[in-house]
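Novice: In case you want the letters, here they are:
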Amino acid sequence: MGLLVEEAVKKGMEAFKEQSRETAQTVIDGDDMINNMEDELCDQCAILLAKEQPVASDLRHILAAIKIITQLERIGDHGVHFAKKAILLEGETYIKPIVDLPRMEEIGRKMLIDSLNAYVERDSEAAEEIASRDRMIDDLYMQVVREVLTYIMADSTKISQGVELLTMARYMERFGDHVKNICEWVIFSERGEHADL
Amino acid sequence: MSIMIEVKNLDLHYGDFKALHGINMEIEENQVTALIGPSGCGKSTFIRTINRMNDLIDSVKIDGEILYGGENIYDQRYDVIELRKRIGMVFQKPNPFPMSIYDNIAYGPRIHGKKNKAELDILVEKSLHHAALWEEVKDRIQSPALGLSGGQQQRLCLARTLAVEPDVVLMDEPTSALDPVSTAKIEDLVHDLKKDYTIVIVTHNMQQAGRISDKTAFFLNGYIEEFGTTDQIFFNPVSSKTEAYISGKFG
Numbered sequence: 001m002g003l004l005v006e007e008a009v010k011k012g013m014e015a016f017k018e019q020s021r022e023t024a025q026t027v028i029d030g031d032d033m034i035n036n037m038e039d040e041l042c043d044q045c046a047i048l049l050a051k052e053q054p055v056a057s058d059l060r061h062i063l064a065a066i067k068i069i070t071q072l073e074r075i076g077d078h079g080v081h082f083a084k085k086a087i088l089l090e091g092e093t094y095i096k097p098i099v100d101l102p103r104m105e106e107i108g109r110k111m112l113i114d115s116l117n118a119y120v121e122r123d124s125e126a127a128e129e130i131a132s133r134d135r136m137i138d139d140l141y142m143q144v145v146r147e148v149l150t151y152i153m154a155d156s157t158k159i160s161q162g163v164e165l166l167t168m169a170r171y172m173e174r175f176g177d178h179v180k181n182i183c184e185w186v187i188f189s190e191r192g193e194h195a196d197l
Numbered sequence: 198m199s200i201m202i203e204v205k206n207l208d209l210h211y212g213d214f215k216a217l218h219g220i221n222m223e224i225e226e227n228q229v230t231a232l233i234g235p236s237g238c239g240k241s242t243f244i245r246t247i248n249r250m251n252d253l254i255d256s257v258k259i260d261g262e263i264l265y266g267g268e269n270i271y272d273q274r275y276d277v278i279e280l281r282k283r284i285g286m287v288f289q290k291p292n293p294f295p296m297s298i299y300d301n302i303a304y305g306p307r308i309h310g311k312k313n314k315a316e317l318d319i320l321v322e323k324s325l326h327h328a329a330l331w332e333e334v335k336d337r338i339q340s341p342a343l344g345l346s347g348g349q350q351q352r353l354c355l356a357r358t359l360a361v362e363p364d365v366v367l368m369d370e371p372t373s374a375l376d377p378v379s380t381a382k383i384e385d386l387v388h389d390l391k392k393d394y395t396i397v398i399v400t401h402n403m404q405q406a407g408r409i410s411d412k413t414a415f416f417l418n419g420y421i422e423e424f425g426t427t428d429q430i431f432f433n434p435v436s437s438k439t440e441a442y443i444s445g446k447f448g
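Residue numbers (our numbering), protein chains in the order written: chain A, 1 to 197; chain B, 198 to 448.
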């Protein structure tokens, strides 16, 4: 599921950057598989709880899995959001170079992969470090907001696309937050305490 | 929460074999304390020290103190009969006396001097109600207790313990010989009874300990490896040995 979600955000951003309707449609079509996988994994966790009746760290690991798959599904939805924006803005010339949004996506995607590895390795220290990288995404978010505002204040014909770019930046910022939530569940799984990263 | 029983530095030897090492534990009033651990870890030996059942074994030597009502129950002047009235016990296998249901319950109160028939009638009914058995036996109260099912016999034994109006009820694996329905009834009872009694229960069933107890002590090789709230022990144990045991990785 992690790989599918990673692919969704990567392709979603690719579609947005290149304004590729074909790539965007692939991401939109693939979302059903991610949603089904969320249901399947949730059922598998429920069966494990019922049949094995785990306790202590085993129990926490499964509880964390249930919470993490919800975060993954939401990240997958963001991939779809990127793709839909690509279709919406198809054929338009972007009012600014699309540089920071892909950077945000890249940082977030690396965080995603690392956070899932931290879950598997039960490495709470790594989770703390990964979550701290969200600051970079937040900084880029503020930078994009400032920049887009400058463009649309200077030229009111750019407001419509400017709003879409701001929404994209907001999706990216939320993407980082979801990964941070995954990190918090990794810490819960290992230490049995709720962290506020 | 006030302390009902305080165990201090308790050691127990069977001859040369040391079965309990420096046990310290505070058992709180109106709480259910579960004792868990692998076979031979000392949990049954320990629960039997609380009402001096080990006195019946010649080779047993006990050091340390168990304070109940501020007095050490191992003090030579301590009245053991009175102790066992205040701290009752239910065993692994139901052991009703070969007499009627009524006489099983009335046995204890009679020994302690209660002879009035009307008073005994009330006490028998109350005890059977407390043990959730009254509805099932009220029409055959003079029938032999040995005619009851295993689950009913165990609840009868519980009613017999409750008839002498103890403060504390000790239970040594009370459901290990029972089917799931009878087990569920005993577990429900434990939950209800803690309003009026302090309960200490030995169980091999981890889920049972998790379901019914407030505090859990994990015994290992005669030591208390970990003692804490049941929530903490089952969700976030400190000791890796506790974690391994409750997760079914050894024992």
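To be clear, the hints were calculated from the coordinates, so they are not data collected in a lab.
Treat the hints loosely; a few may be bogus.
Straight-line alpha carbon distances no greater than 27 Å define the calculated DSS-like cross-link-like pairs of lysine-lysine that follow [stated by the list, open to error]:
id	chain 1	residue 1	chain 2	residue 2
1	A	K10	A	K51
2	B	K312	B	K282
3	A	K51	B	K438
4	B	K205	A	K51
5	A	K67	B	K382
6	B	K446	A	K51
Computed from a predicted structure; not experimentally measured.
Novice: If a hint holds in the structure, say so; if it does not, say that too.
Specialist: For each hint, the structure was consulted:
Taking the CA atoms of A:K10 and A:K51, the gap is about 37 Å. The hint is violated against a cut of 27 Å. Taking the CA atoms of B:K312 and B:K282, the gap is about 17 Å. The hint holds against a cut of 27 Å. A C-alpha spacing of about 23 Å is found between A:K51 and B:K438, which places the hinted pair at or below 27 Å, so the restraint holds. Taken as a hint, the B:K205 and A:K51 pair is broken in the structure, with Cα atoms around 40 Å apart against an allowance of 27 Å.
Between A:K67 and B:K382 the alpha-carbon distance is near 35 Å, which puts this suggested pair outside the 27 Å criterion. The hinted pair formed by B:K446 and A:K51 meets the criterion: a straight-line CA distance of about 16 Å does not exceed 27 Å.
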